[in-house]
Amino acid sequence: MAFSAPTANFTPLNTPFLRSHDNTLVSSLSPSPFFGSTAKLRLSSSPNFNLHRRSGSVVAVSEAVKEKKFKSTRNLLITKEEGLELYEDMVLGRAFEDMCAQMYYRGKMFGFVHLYNGQEAVSTGFIKLLKLQDSVVSTYRDHVHALSKGVPARAVMSELFGKTTGCCRGQGGSMHMFSREHNLLGGFAFIGEGIPVATGAAFTSKYKREVLKEADCDHVTLAFFGDGTCNNGQFFECLNMAALWKLPIVFVVENNLWAIGMSHLRSTSDPQIYKKGPAFGMPGVHVDGMDVLKVREVAKDAIARARRGEGPTLVECETYRFRGHSLADPDELRDPDEKARYAMRDPIAALKKYIIENNLASEAELKAIDKKIDEVVEDAVEFADESPVPPRSQLLENVFADPKGFGIGPDGRYRCEDPKFTQGTAHV
Amino acid sequence: MSLKFFAHFLFIFQVYISVFLLIIHLQFHFFEIAFLFYFFAGAKPMAAIFQGVGAAATLSSSPSNSFDSNNSVFSPLTSFSVRRGASFAVVRSDGILNLNPKGRRAQQLISNAVATKADSAASSSSSKPGHELLLFEALQEGLEEEMDRDPRVCVMGEDVGHYGGSYKVTKGLAEKFGDLRVLDTPIAENSFTGMGIGAAMTGLRPVVEGMNMGFLLLAFNQISNNCGMLHYTSGGQFTIPIVIRGPGGVGRQLGAEHSQRLESYFQSIPGIQMVACSTPYNAKGLMKAAIRSENPVILFEHVLLYNLKERIPDEDYICNLEEAEMVRPGEHVTILTYSRMRYHVMQAAKTLVNKGYDPEVIDIRSLKPFDLYTIGNSVKKTHRVLIVEECMRTGGIGASLTAAITENFNDYLDAPIMCLSSQDVPTPYAGTLEEVTVVQPAQIVTAVEQLCQ
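Going line by line, the protein sequences match chains W and F.
The C-terminal residue of the first sequence carries number 428 in this note's numbering, and the numbering is unbroken.
The C-terminal residue of the second sequence carries number 453 in this note's numbering, and the numbering is unbroken.
By construction, these hints were calculated from the structure, which means they are not laboratory data.
Errors might be hidden in some of the hints.
When the alpha-carbon atoms are kept at most 25 Å apart in a straight line, the in silico SDA-like pairs for lysine to any residue are as follows [to be verified]:
hint, chain 1, residue 1, chain 2, residue 2
1, W, K352, W, M99
2, W, K246, F, R152
3, W, K206, F, R152
4, F, K381, W, M99
5, W, K208, F, D184
Given the sequences, and given the hints that come with them, work out the whole structure.
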């Protein structure tokens, strides 16, 4: 599909005209072997890339990678273990989110629940390359980011049920998933809010290396956010600061073309988000977010770049959410044809196909993984069901890290020493 | 014959010696009396008279029997001396106070006795030399000491590095600690405050400077949503030991947007603490306490107070973040204030003392949470409360304080609480209008007179 410049024509909502998975457009200001040394906008796709999905080759982001892939289709991108790991992670994400929907309609969880179906390739492709000490910052669509980062399914499900065994003791909910152990820094309800926090985490990494002299500190932070966020001031402010100080961060845009009911094309003057990277002095990469292997290749390079201290990267992943914005969204605005088109590009099906066609694993092994994940999810629901709800005494416990912050009461003692305080009935 | 002469000589000599000693004795006490007189009563001697029924306790440091002889004449002063014995600078704080009045100091204090009570009280003179500095230098000292003590403490803000801070609070720090520890940020308050929060979550202890507290309005999203709430929504997993500081308040014709009093906007945010400094002593103490605290703290400074000079102790000290400061003990009315209005109140107190009132002045220092113990004890003693603040009238700190006092101490009040706040107007540029926007000492005097009827 030929690429057409967005300003030239206005296309109706139902054609995903902008970025077909065929095109990868790269701009870079600094010559590096990864991104190529020229910043040229290719206006027409190369005809050879139509088969990329079948062969699993990456629509390359650099000339070198492109040619390498092209030469030999037997040169696989993943080993069997990696393939199974990716498959398992994506299936976990999908099964978990489906179960969330079921539980929501059964009245086990409430409020705003935003499901990630269809976008698993982005989460798996990026997060499975990280170490435990690397940080991930997400938005309200964060269940699968938490699962990919390693937060147990039990903890996430309990949190959704509002139980005290949840990863945030039931105090955060669907939109506020945190895990200190796994370095998941949230879970933010307002869009754009997490990007500065991610920038701060990257700043800490640089600070530790340069000021505290922890020489081997090369922790990378990933910030995930959507297309709607890319019109928000915090996005641009953080692109500037991250590029200015060469912070070890990767900005991952999950462009699913819709911000609730607002089409990306209707809200953005220049819908090509990756172009905004070079405007701030960092490379901007566009990748097919429905193909986990492509995402993984791009992620490898971006994360390695950050680890080497060369600075941030803006990666735009073209993806799609199969469900509505949240479980409360009737999802009537999107064209069924568009949905059908993207459903055909289901990332799990694509990976499965790749694995089987390249004889990395058998159908039976994949089915075994499916079954295992079903059990994991069932177990998570059971665990969450049986977990206790938070007692009243939990109400005031985490407002302050140092509870002296509640102040001194009329009797001269700190309020937190009042026994009613620990019962949760004290008036503060 | 020589014996007679000798006897006469001895007698005269004895008389001479006695008279000499008597004169010296009286002189000493006269001096002491004069000192007390001026020190506590201000320039006008008559001010002491109203103190009728005070306990006649003797001064701890004076020779008691010789002073008693003067008691009948100067008994009102002894009640002052009771208070002199009690510490009236910082209550239950870690600060070190030492009142050791000497002649020279008394002479120095005559012209502004009441207004600088805090000055003399908080400073230490002969027992610990201390050092004199301006308020912004005190802040800088506190910040520098904490940065020396803990390498994770860092500063972020606009023009904090190479420029040294627009109010010179971070002067010299960038040269000493480097550009990464004293970070010059681009003009993006929301994002760099968020960056500070992200850094705090991952192990650093940032101090974020808002060049003017009004600019923090742009960072309100991060302060309210992340700073205050993240510890809670993460179930206690992440702490945010951040300090957000900057100058606010009405300056000298700075215009509406640079003269904002935003304490009221932040006070509803759960999870943060707010403190306001007013003297070099408590500025340094609060800065250090805020940096060491695990909670997010917003430290409000005032544009017009940066050049206040005071002598502060050399040794390490902090001021408790949750405590209020007793500035001037009194009997008749409790005046609660903070930041710049403390000085307007003390100026009014001079007039009030001359008119025969005895106000108790408390600098509440902790704007959130309120120190209800110190405030409560005062209310129980005086039964009348006047709140003087620079914050906006509607929904301001004074409004919250009025509610808190009414809720907790209603039975002890003899009169409704009066609250003097700034007018609910954007601060005008014109000097005359700006003057009437904030509370002036004359209004405070009128209010106290009204309250004490």
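Legend entry - Straight-line alpha-carbon gap K381 (chain F) to M99 (chain W), limit 25 Å: violated, 64 Å
Inset, instruction - Quickly compare the C-alpha distance for K352 (chain W) and M99 (chain W) to 25 Å and report which way the hint goes. - result: Between K352 (chain W) and M99 (chain W) the Cα gap is close to 21 Å, so the pair holds against 25 Å.
Legend entry - Hint consistency between K208 (chain W) and D184 (chain F) [alpha-carbon to alpha-carbon, up to 25 Å]: holds, 18 Å
Inset, instruction - Sort out whether R152 (chain F) lies within 25 Å of K246 (chain W), counting only the CA atoms. - result: Holds, because 20 Å separates the two Cα atoms, which is no more than 25 Å.
Legend entry - 25 Å limit on alpha-carbon distance, applied to hinted pair K206 (chain W) and R152 (chain F): holds, 12 Å
Taken one by one, the earlier hints fail for this structure only at number 4.
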